[in-house]
Amino acid sequence: MLIALPVLIPMLGAALCLLFWGRSRPQAVLALASTASMLAASVWILFGVRDGTILTLNFGGWQAPFGITFVADLFGAIMVTLGAIVGLAVMAFSVGASDRLRASSGHYPLSLTLLAAVSGAFLTGDLFNLYVWFELMLLSSFVLLTLGGERGQLEGAIKYVTLNLLSSMLFLMAIGLIYGTVGTLNMADLARRIDDLQDPKLATLLATLLLVSFGIKAGAFPFFFWLPASYHTPPPAVSALFSGLLTKVGVYAIIRVLSLIFDQEWSLLGDVVLVVAGLTMVTGVLGAIVQNDMRRILSFHIVSQIGYMLMGLGIAIGLVGSLGASSPIAVLAMSGAVFYIFHHIIVKANLFLISGAVLITTGSTNLKEVNGLAKSHPFLSMLFLISSMSLAGIPILSGFWAKFVLVRGGLEAGSYTIVLVSLAVSLLTLYSMTKIWTQVFWGEPDDLKSPPLDRRTKAWVYSPIAGMCVLTICIGIGAESSARLALDAAEQLLDSSRYIDAVFDGASAQIGDAP
Amino acid sequence: MHTTVLILLLLAALAPMGVRVIGKSAGLIIATVSLAITGWYASRFGIVTAGAPILETMSWVPSLGVGVEFLLDGLSLTFALLICGIGGLVLLYTSSYLGDSPGLGRFYATLLTFMASMLGLVLANNLIVMFIFWELTSITSFLLIGFDFHRESARRCAWQALVVTGLGGLCLLAGIILLAIASGGSTGPEFAIRELDPGAILDSPLAGASVILTLIGCFSKSAIVPFHFWLPNAMEAPSPVSALLHSATMVKAGVYLIARLEPTLNEQRFWSDSLVAFGATTMLLGAALATRHVAFKKLLAYSTVSSLGILVMLIGLGAYAAAATYLIAHALFKACLFLVAGTATHIAGTKDTEAIGHLGRSMKISRWSALLGGLSLAGVAPFIGFAGKELTIKSGLNAGGLEAILLAIAIGLAAALTVFASIQVAFKPFFMPGPHKPEHAQEATWPEWLGPIILATLGLVLGLAPFLGMVPLVESFGASLAGAPLADDVTLGLGYLLWPPSIPLGISVLAVVIGIGLFMGRSPYRSLLAKTFAWDRFGPERTYDRLVGTTLASAQVLTNALQNGSLRSYTRIIVLTATACVALATLRIDAVASYLPSFGALTPFDVMLALTIAASAVSATMIRSRLGAIAALSGIGFAIAVYFVLHGAPDLAGTQFAVETLIVIIFVLVTHRLPRFARYTTNLSRSIDIVIALGLGSVVTTLTLLAMGSTVASPVSDFQAAEAVPSAYGRNVINVILVDYRAIDTLGEVFVLAVAAIGVFTLLTIRPSREAEATR
Amino acid sequence: MNSVIFQVAARVLLPVMLLLSVVFLLRGHNEPGGGFIGGLVAASGYILYALAVNLPESRRLLHVHPRTLISTGLLIAILSGVPALLVDQPFMKGKWIEVTIAGFEGVKFGTPFVFDVGVYLVVLGVTLLMAFTLEERYQ
Amino acid sequence: MNIILAFCCGLLAATGTYMLLRRSFVKLVIGLALLSHAANLLIYIVASPLLGRPPLVRAGETQPPAPFADPLPGALILTAIVISFGVVAFTIVLIKRTYEEIGTDDLDQMTSTDRDLC
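Chains as they are written, first to last, in our numbering: chain A, 1 to 515; chain B, 1001 to 1776; chain C, 2001 to 2139; chain D, 3001 to 3118.
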């Protein structure tokens, strides 16, 4: 039961929120309570899987593969926990920063359904169930994106909706084809059965459609267009939620299906992933350096950083594919991807929250319109500096370790080109982060158009940001535990037999049912 | 040693509050702590110089091979003393110099963080830990250069310095990881600097790349050609920063790392040669560029560039004792001169050394600091700078052959230009007339003059009596670089250097004479130099600007092309890519045909349905009226529903009918006031789109056929059908799947529906105008 | 649509369709039908009524706001999984009891049915929320 | 024998894509609906190529009478149909609202959110 909680709690919260439509306070309380308990549940799960056990839950008591199974391995548990952290931070921020109309009509329940869907996607062990969570996530995000109905929101939403639905259709077709070819939807079962196909190239063909679909959701090259077109249009709390979680679900799905199911032609797929990773990094960062709005810069950077995550994956599976055995270097590279994802989720969501704080303080996030915040808002500036330097991979923050593990893995694996590209991109990231810093925070302060925030608003807006900053510092200083976690998760990911055994082992199903 | 770094960090965290509570005298406390730490390191002097390095270990990230291992040997001790000692004096100086600045707390915090990082950098015995501190010094340097962030030039220069050193940092990261991999061989990378294996590195194919990348990193940090341009620009920082970071310590980080890796890498082919070549070039260029400027700090900055070149060159030449002597000498006199320059600029109200006259009449103490420091810079006996210069010339001559002659000329020339520069900066404004004579000028307060005079005096004392710690420190420093005790005795005593007269002494004297001569004739010399400004546009700074410009321009072009705002272009790219990927993956399969299903018997119903679907689909795209298109669309839906009825899925059919009807109703309700379908597109673009669409369509068909052709032994649904009645008590298997086997899917589905309904509701009821009202 | 016949028809049709929807719901587990179709049928009753008579009247007949229906339905659907937990079985494990309803012996009544009731309510609420909002706005 | 429907699937996908590529964004919705039809049909024909009876068990028996259609794709499509209903309904209203807000249905005029170049 435990591992269904991160999905059920926010669902329950969302359903209850609907009863309080039009009243923001009870909804806010419900949202905070739900995300907080969701976080507690995910941390509990994380502790449960910390030693390498994989928890499973067969819904309805139907033995896999006949029903739907939830599986929490380390990677999944880490992702769910991060989802809950971002959720809690965003809800707290919303209490301070949301306008009353949005807060009373839809913002909270939809954020909760989004969180439920994200958790579901991280935990499910069933391909079609993944589709359902994807759709719930998408539809929640559509509504959140358009909530308020401003022109920019609607325009962005049309692009976002169209391209993501295109991706969903491809995903659905891929599911149909996979079921028609292999006869099952349970991912562990698929992993077993797909090896029976006469030709491994057939499996790769099935993977291709799936990867294109996930690639669109992940915002990889050349599919990322929907992201910079829309992420900066909704209220900052929504942007933060999106930036932290949505594309990462796509990346998660890519990692999951590649590491678990389609391991027939890993060396080829590894190369493909690396090429995509490189192009994603470069196009994303080049887009970022020419923008003049904080939130647009950050949006393009999401794209570029998706490339880093794919880089770790590509190196790892390419290495295992060509060497045959699971090498420590492959585990290292994979752990780089895992580390990068969890660093990125925290820092990116936080940067969007900070841009939100800038927005409600000054009324704009345009680099040309906002200046000199370091003088008028030294605390906010410090928080931005920490987060942005973490994003740029500056020690001693979390981003440095993520970058270090990836670069080290890449160099050890001999993937020099991608390492070179990633370092160049990292320099440009530093360039654009300092561009924000030198223009928004340095310079002569402007006369603020908006009235100063009251104490209560300030507390709600600043505390989640400060909390996430502390988190990135803690990950940086206590890098050992994070690195260990990432390494263990990576090892588990690359050895798919553990996942498969856990799903089909009745004993572990018991563990899942009664933790 | 860990404690000292932590104390500084703690102090950094407390500084802003401290300044708020007790005002600028907080600086005195901070300076005292820093000097106390210097005292602690000084107390380790005896142990370290006796040849027993101190090692402190602490575990940090063992799974990645990173441990905080601090090593105190001659090299790191020298640096630690300079960092904390000069740091303490600079902090003291700051308490007066920036005493009235509102950013004083921030300044202390950043400066202390810098000191902690710099200390960590030189103590760390782990490449990664060293790198971590390295990057932290870059960041703190960035923040300090931009301290006066309301000035546009300060922001720009800070940014430039960060990008240049950031570029170097990334190269360095790759370089040291490669180094560790090369050293570790098959056992995994070796990050502990003392454990690096020169032999293994020599054998590794990665060695070349790693050396080049590491050198780029060191050169960019230490402002070696072609990265030297950022340092003079960094003079936007307040003077204490220039004194501490940009002359005495941070810019020497590159030199430090080169020195640290010298025992490991000196066998490498390019290592020594590149050090000598780049070092000598930088030395000469820096000295020459210094004479082009008359502003205090600009001039000193270029002179620093020159000195950094000398240091790099000396390590390359293997002249470790000379490097140690020069390094210490330079830190003392340059920090002193920067501090004096800061005070002088404040008091005189201008930074133009040519304009200021007889400043020494009012700055009765600082003028002596300037004079002593300047003499040391010029390399005049008996100052420590003299010993440094003598040893440098001697090492150049020791290179032998043509190289020796070239080096001797270069060093001599640089020395002469440096003499010129030191007169210009340390003598001219204080003791010679000039058009700008500040009225009522007064000597600065004691914290401002105390530091420089101590540093200047130290330069004199150590020059006169090198046995007072200087010799053992230099020996121990040299031993760290050589990896063994130095073979030759270190001779710093004036007696040895001045008698018997030698070629170095001759060159030295000549340099002083030429330098004085140049200064006397400085106006024709300057007009000659003015012509060289034209060459600047080929210089590295312009190259940097062009590089940034080109990157931005191409990024703009690329982003314009990709993120062009047209959804249709996005869809096209995505569909084409998807089609291409799937097509390629299909073509790879051998004997695709064997997977295709056999063409079974056709029932007339199937044919009719298929034709209906096809005809409706095509007409949906062609019909010009909206209602017609909707009708065609629902035609497809109903045809599919009929197909479901015929093929064993009545539930599905019912749902499909119902949903199709609802969609039509909503469509008609909502869209009846939308404009008619307009024909916006040209025939050409329509044709292109048809081709793209057919491409995807044929891929879908192929995949469908492939999947239909493969038979599945026992799909999971066999079990679901078999157990529906016995275990799930339901006879409608589809419904049993929906509410029992896969109930969680259905739960997700009803949530999707709920969200969609809320979406429709909010879209229609929440309007921007109303939202604006609501926020009021 | 203001014809009297249509109004009368709608008044008659509403209870008929509601009854029909319940039938669909009840037999769904064994014959074609189920909560989804049931919910749609019930919703069309109200929609027809709103079209034929008027919207406020239809809303009044529903007694609750469609949003409340959605919320209740979602809660029922989630909570239907809970009974299994009480006996230490996996979430959503079907729990069945045999009841005697109106003389039918051994009618099985179980949590999956409760789940379907939740679906029914959600679909009813969703359809009505959309339809009412649209009618209000675009009629 | 369903082979002919495989071509229908392809055609639906093609027409759907074509409609996505039109400038008038009302057509976008039709395109999305066509694509979802394509996906639903695909799932069904791929999984149960045999003409089967409904997977309903007669009262008193424990197995549906063979040959019966694979019930799982049926259930999947049911879910997918309902989901796509929600999505399409939302999208139609979104299109309408966008039209009201910007006053044109030309996709190529909606470029305001993508770029902000220096």
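Some hints here could point you the wrong way.
Here are the computed lysine-lysine pairs in the DSSO-like style, where the Cα-Cα straight-line distance is at most 30 angstroms [said to hold, decoys possible]:
#, chain 1, residue 1, chain 2, residue 2
1, B, LYS1351, A, LYS375
2, A, LYS375, B, LYS1024
3, B, LYS1364, A, LYS435
4, A, LYS435, A, LYS458
It should be emphasised that the hints constitute simulated quantities derived from the structure, not laboratory data. Quick caveat: nothing in here was measured; it's all calculated off a predicted structure.
Do the hints match the structure? See the list:
1. LYS1351/B x LYS375/A: Judged against 30 angstroms, a Cα distance of about 27 angstroms means the pair holds.
2. LYS375/A x LYS1024/B: Satisfied, since the Cα-Cα distance of roughly 19 angstroms is no more than 30 angstroms.
3. LYS1364/B x LYS435/A: Roughly 45 angstroms separates the two Cα atoms, so the pair is violated.
4. LYS435/A x LYS458/A: It holds: about 26 angstroms lies between the C-alpha atoms, which stays within 30 angstroms.
Hint 3 alone, counting from the list given before, is not met by this structure.
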